[in-house]
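Asker: Given next are the chains, with one letter for each unit.
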Amino acid sequence: EDQVTQSPEALRLQEGESSSLNCSYTVSGLRGLFWYRQDPGKGPEFLFTLYSAGEEKEKERLKATLTKKESFLHITAPKPEDSATYLCAVLLNFGNEKLTFGTGTRLTIIP
Amino acid sequence: DSGVTQTPKHLITATGQRVTLRCSPRSGDLSVYWYQQSLDQGLQFLIQYYNGEERAKGNILERFSAQQFPDLHSELNLSSLELGDSALYFCASSATGYEQFFGPGTRLTVL
Chain H
1 EDQVTQSPEA
11 LRLQEGESSS
21 LNCSYTVSGL
31 RGLFWYRQDP
41 GKGPEFLFTL
51 YSAGEEKEKE
61 RLKATLTKKE
71 SFLHITAPKP
81 EDSATYLCAV
91 LLNFGNEKLT
101 FGTGTRLTII
111 P
Chain L
1 DSGVTQTPKH
11 LITATGQRVT
21 LRCSPRSGDL
31 SVYWYQQSLD
41 QGLQFLIQYY
51 NGEERAKGNI
61 LERFSAQQFP
71 DLHSELNLSS
81 LELGDSALYF
91 CASSATGYEQ
101 FFGPGTRLTV
111 L
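Chains H and L, in that order, give the protein sequences.
For the first sequence, counting from 1, position 105 maps to 105 in this note's numbering; every step adds exactly one.
For the second sequence, counting from 1, position 28 maps to 28 in this note's numbering; every step adds exactly one.
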């Protein structure tokens, strides 16, 4: 069965303390892996798409990387406004275009 | 702002009732997706429409139905509502079938 697992469930960091969030997947064929940011009560906001192992994408303090089994979202010198839930999702090679989401990592940055 | 709009923002209704949620996709996007997000289940794919035709179905209950109109807006109809249907309902749209852009959601509360 296709699965997406995110860890940790929750992470508290001091402002400026860098860390990484993990998204591991076991799927039959990956067409793309996506990272989203979600604030409480709001819709997921698209951050990155990764298509193949070795690919990296960067945006401000965030960098996403992809291997054959997992993806990391690295957060460098985070600020309080980076506090949110970060979701990863996969799009499979076969079948429909539905995104299969992980349960997310709730990130809190303490000033 | 993703460009996807959803109405209403909040909906409070009673068990057994029927409601309609509305979504307008980003300009030019032909695909519309509906997702349900509850506390215990995370984001779950319900159904996809492409240019007016149903393209894929996920874990959508028989009490739920959707359609996409010629102007590409979509409606999700939920009937015989139960307490467990209380959730956030998101619509997303895509031009490519890869990146999906989410609306702000409709929070449904069934009392």
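Please keep in mind that the hints were generated in silico from the structure rather than gathered at the bench.
Each residue gets a CB set at the ideal place from its N, CA and C atoms; glycine is no exception.
One thing to keep in mind: the hints can contain errors.
[As the list claims (entries may be wrong)] Cross-link-like lysine-lysine pairs, in silico, DSBU-like; alpha carbons within 30 Å at most:
id, chain 1, residue 1, chain 2, residue 2
1, H, Lys59, H, Lys69
2, H, Lys68, L, Lys57
3, H, Lys79, H, Lys57
4, L, Lys57, H, Lys42
5, L, Lys9, H, Lys69
6, L, Lys57, L, Lys9
7, H, Lys63, H, Lys79
8, H, Lys79, H, Lys42
9, H, Lys42, L, Lys9
10, H, Lys59, H, Lys79
11, H, Lys42, H, Lys63
12, H, Lys42, H, Lys57
[Unchecked claim] Label pairs and their in silico Cβ distance ranges:
id, chain 1, residue 1, chain 2, residue 2, range
13, L, Lys57, H, Gly29, 19 to 25 Å
14, H, Arg12, L, Glu53, 42 to 48 Å
15, H, Thr67, L, Gly84, 33 to 39 Å
16, L, Thr20, H, Lys42, 28 to 34 Å
17, L, Leu39, H, Ser24, 44 to 50 Å
Asker: All the hints need checking, so say for each whether the structure fits it.
Answerer: Status of each hint after checking the structure:
no.	hint	in the structure
1	H:Lys59 x H:Lys69	holds (23 Å)
2	H:Lys68 x L:Lys57	holds (28 Å)
3	H:Lys79 x H:Lys57	holds (20 Å)
4	L:Lys57 x H:Lys42	holds (24 Å)
5	L:Lys9 x H:Lys69	violated (38 Å)
6	L:Lys57 x L:Lys9	holds (24 Å)
7	H:Lys63 x H:Lys79	holds (15 Å)
8	H:Lys79 x H:Lys42	holds (20 Å)
9	H:Lys42 x L:Lys9	holds (10 Å)
10	H:Lys59 x H:Lys79	holds (14 Å)
11	H:Lys42 x H:Lys63	holds (23 Å)
12	H:Lys42 x H:Lys57	holds (24 Å)
13	L:Lys57 x H:Gly29: 19 to 25 Å	holds (20 Å)
14	H:Arg12 x L:Glu53: 42 to 48 Å	holds (46 Å)
15	H:Thr67 x L:Gly84: 33 to 39 Å	holds (38 Å)
16	L:Thr20 x H:Lys42: 28 to 34 Å	violated (22 Å)
17	L:Leu39 x H:Ser24: 44 to 50 Å	violated (23 Å)
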